[in-house]
Amino acid sequence: MPYILTPAQDTMAIAEREFGTSSPQVQFTLFTSCIGVLSLRNGAVTGVHLSITAEDGTLFDDAAANQVAQIIGQWDQIKVIGRIDYWENPANGVTAAFNNMLQLLGVPPDNLYQLADGIYGGEDDGGTLEITY
Numbered sequence: 566m567p568y569i570l571t572p573a574q575d576t577m578a579i580a581e582r583e584f585g586t587s588s589p590q591v592q593f594t595l596f597t598s599c600i601g602v603l604s605l606r607n608g609a610v611t612g613v614h615l616s617i618t619a620e621d622g623t624l625f626d627d628a629a630a631n632q633v634a635q636i637i638g639q640w641d642q643i644k645v646i647g648r649i650d651y652w653e654n655p656a657n658g659v660t661a662a663f664n665n666m667l668q669l670l671g672v673p674p675d676n677l678y679q680l681a682d683g684i685y686g687g688e689d690d691g692g693t694l695e696i697t698y
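Residues 566 to 698 (our numbering) are what the sequence shown spells out, left to right.
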């Protein structure tokens, strides 16, 4: 079964492999090995909650990276937050797809934010995309 991203029922509790857009804020459920892609466009924040594997064990791959790029689309500001270290570790099997996603999205290296396990989100703070804790 492929790695599938689905719309979140609640943009203040975006779970693994879900995405949502809201103004002025979105929030993810708990990150352990997860990352989140946050973007700001025209005052709306989009969040995509990514896990290394799908429920059936399928790894995040290039097709999933393409899904993220389609969901995010054009952005004014972008940040990738969470357990970046897990995604950059080749032993986890997702490094190439992670790097492909970053390239597809055009994420500058200084827009990667390594964070500990926790609950995070993003908000539009007067036209600036800010990470919420």
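Heads up, some of the hints might be wrong.
Said to hold, decoys possible - Mimicking EDC-like on lysine to aspartate or glutamate, the simulated pairs with C-alpha atoms at most 20 Å apart in a straight line are: (1) Lys644 / Glu583; (2) Lys644 / Glu688; (3) Lys644 / Asp621; (4) Lys644 / Asp690; (5) Lys644 / Glu620; (6) Lys644 / Glu581; (7) Lys644 / Glu695.
Unchecked claim - Now the in silico label distances, taken between C-beta atoms and shown as ranges: (8) Gly692 / Ala661: 29 to 37 Å; (9) Gly658 / Ser588: 14 to 22 Å; (10) Tyr698 / Asp650: 16 to 24 Å; (11) Gly691 / Gly658: 35 to 43 Å; (12) Asp641 / Gln668: 18 to 26 Å; (13) Asp575 / Thr660: 15 to 23 Å; (14) Ala656 / Ala634: 36 to 44 Å; (15) Asn607 / Leu680: 22 to 30 Å.
Honestly, the hints are just simulated from the structure, not real lab data. Since the model is a prediction, treat every value here as computed from it, not as a measurement. Every residue gets a Cβ at the ideal spot worked out from N, C-alpha and C, and that includes glycine.
Ascending list of hint numbers which this structure does not respect: 3, 5, 9, 13 and 14
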